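In case you want the letters, here they are:
Protein chains: 2
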Amino acid sequence: MSDAILFVLSAPSGCGKTTILRKVMAGLPGLVFSVSHTTRQPRPGEENGRDYHFVGREEFLSMREATPSGFLEWAEVHNNLYGTGRAEVERQLRAGRDIILDIDVQGALQVQEAAAPVMIFIAPPSLAELETRLRRRGTEGEETIRLRLDNARQELRFTDRYDYLIINDRLEEAVDGLRSIIIAERCRRRRSPAGLPVSAAF
Amino acid sequence: MSDAILFVLSAPSGCGKTTILRKVMAGLPGLVFSVSHTTRQPRPGEENGRDYHFVGREEFLSMREATPSGFLEWAEVHNNLYGTGRAEVERQLRAGRDIILDIDVQGALQVQEAAAPVMIFIAPPSLAELETRLRRRGTEGEETIRLRLDNARQELRFTDRYDYLIINDRLEEAVDGLRSIIIAERCRRRRSPAGLPVSAAF
Chain P
1 MSDAILFVLS
11 APSGCGKTTI
21 LRKVMAGLPG
31 LVFSVSHTTR
41 QPRPGEENGR
51 DYHFVGREEF
61 LSMREATPSG
71 FLEWAEVHNN
81 LYGTGRAEVE
91 RQLRAGRDII
101 LDIDVQGALQ
111 VQEAAAPVMI
121 FIAPPSLAEL
131 ETRLRRRGTE
141 GEETIRLRLD
151 NARQELRFTD
161 RYDYLIINDR
171 LEEAVDGLRS
181 IIIAERCRRR
191 RSPAGLPVSA
201 AF
Chain X
1001 MSDAILFVLS
1011 APSGCGKTTI
1021 LRKVMAGLPG
1031 LVFSVSHTTR
1041 QPRPGEENGR
1051 DYHFVGREEF
1061 LSMREATPSG
1071 FLEWAEVHNN
1081 LYGTGRAEVE
1091 RQLRAGRDII
1101 LDIDVQGALQ
1111 VQEAAAPVMI
1121 FIAPPSLAEL
1131 ETRLRRRGTE
1141 GEETIRLRLD
1151 NARQELRFTD
1161 RYDYLIINDR
1171 LEEAVDGLRS
1181 IIIAERCRRR
1191 RSPAGLPVSA
1201 AF
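Protein sequence lines, in the order shown, are assigned to chains P and X.
1 is the number of the first residue of the first sequence in the working numbering; add one for each residue after it.
1001 is the number of the first residue of the second sequence in the working numbering; add one for each residue after it.
Honestly, the hints are just simulated from the structure, not real lab data.
One or more of the hints may lead you astray.
[To be verified] If the Cβ cut is set under 8 Å, some of the chain X residues that face chain P in the computed set are: (1) Arg1050; (2) His1053; (3) Phe1054; (4) Val1055; (5) Phe1158; (6) Leu1165; (7) Ile1166; (8) Asp1176; (9) Gly1177; (10) Ile1181; (11) Ala1184.
[Stated by the list, open to error] Residues from chain X shown here face chain P by an in silico Cβ test under 8 Å; the list is partial: (12) Asp1102; (13) Gln1106; (14) Tyr1164; (15) Ile1183; (16) Cys1187; (17) Arg1188.
Please read these numbers as outputs of a predicted model, since none were measured by experiment.
The beta carbon of each residue, even a glycine, is placed where N, CA and C say it ideally should be.
The whole structure should be built from the sequences, with the hints applied where relevant.
What follows is the structure in structure tokens.
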């Protein structure tokens, strides 16, 4: 059996998750990013298989209803379906590649039921600081900012369902935190006789 | 209650433990090294309280027989007693400092019974490679090298009692591994509501 690890990463909007993940993945070989399935139309510049697997609604529903479900988690947002394909995750793990899913708390809890992921949460130093950051971006109206802060408050109630909590106070430290968790989990997994790459040598 | 972490580090002789630990501690604030007690005489250059707490045999034995024992672990080697003082470890943890104990497998298993440490093992890539390294040092006779290899083989049978296994194949990667484990454990500990430094802010 492969020794590869399934990571789930969640963070409220505005916590810097995308930036942190991009920096960590650039410096860490053997870690791949899961590409989700969606029924929504591709936007200009989006590529099938790189940004999303773009599928029809019928195909999505038939995957979803399979036993076991073709999705580790799924959600419907604005009449579009989104999901994490089980087959893709299992294929990467079998190939010995660690895989990381970037999903919200509801999706993360579904994956936790379906698989045995390492759960990582990125939080802001405080809600006040998150509000400051969202306003500083200046890309969203007052209503959207309120909505994001409400969502953040809801999501932060679930941090105890996660294995690790990273506070994104200083970006470089948060990047170091995520990178360290992935390296440490590799050392943790490896400790079992089955995972010990050198067991034959002793 | 303090949120600080007790780490236990073990490695067979010749695995580079001292070098790795020195490099990690130089770059990681908030981590202190535990100073052991011993009944042996100080060697030239050794300083009381820095290298060891040098104590008389009677004082050592009375600490050891206290209830609970004044030592988290102890051992007798060549008629000298060595031990890790419980009070010192507890004082550092209460002050919020993570503390790391550098002890052999027998001592580590004693600490595991007495406290709830994070257990880390550093192993060579193989016994053959360890033998090469011991011979390359050129400081020990054939008999000592045989003894060290036998000890290593014994100690390596206990890696499954540890939480993490670091293979010291390339030094820089092993240093990165130990550093990452310490940072990741801080993110792990922090996830509980009690440990969340920002809980009041949400």
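Structure-based check of each hint:
The interface hint given for arginine 1050/X is violated, since its Cβ lies 29 Å from the closest Cβ of chain P, which is over the 8 Å cut-off. Evaluation of the histidine 1053/X hint against chain P yields a violated restraint, the C-beta minimum of about 31 Å exceeding 8 Å. Hint on phenylalanine 1054/X is violated. Least Cβ distance to chain P is approximately 35 Å, over the 8 Å limit. The restraint placing valine 1055/X at the interface with chain P is violated, with a minimum CB-CB distance near 35 Å, outside the 8 Å limit.
Taking 8 Å as the C-beta contact cut-off toward chain P, the hint placing phenylalanine 1158/X at the interface is violated, the least distance being around 11 Å. Look at leucine 1165/X: its Cβ gets to within about 4 Å of chain P, closer than 8 Å, so that hint holds up. For isoleucine 1166/X, the suggested interface contact is upheld, since its CB lies about 6 Å from the closest CB of chain P, less than 8 Å. The criterion of a C-beta within 8 Å of any C-beta in chain P is met by aspartate 1176/X, whose closest approach is roughly 6 Å, and the hint holds.
Interface restraint check for glycine 1177/X: the shortest CB-CB distance to chain P comes to about 5 Å, inside 8 Å, so the restraint holds. Because the beta carbon of isoleucine 1181/X sits about 4 Å from the nearest beta carbon in chain P, less than 8 Å, this interface hint is met. Evaluation of the alanine 1184/X hint against chain P yields a held restraint, the C-beta minimum of about 4 Å falling below 8 Å. Proximity of aspartate 1102/X to chain P is violated relative to the hint, the smallest CB-CB distance being about 18 Å (cut-off 8 Å).
For glutamine 1106/X, the suggested interface contact is broken, since its CB lies about 18 Å from the closest CB of chain P, more than 8 Å. At a threshold of 8 Å, the smallest CB-CB gap from tyrosine 1164/X to chain P is about 4 Å, leaving the interface hint in force. Nearest Cβ of chain P to the Cβ of isoleucine 1183/X: about 4 Å, under the 8 Å cut. The hint holds. Using the Cβ-Cβ criterion of 8 Å, the hint placing cysteine 1187/X at the interface with chain P is satisfied: the shortest such distance is roughly 4 Å.
With 8 Å as the threshold, the beta carbon of arginine 1188/X comes within range of chain P, its nearest partner Cβ sitting at about 5 Å, so the hint holds.
In this structure, the earlier hints numbered 1, 2, 3, 4, 5, 12 and 13 are contradicted, and the remaining ones agree with it.
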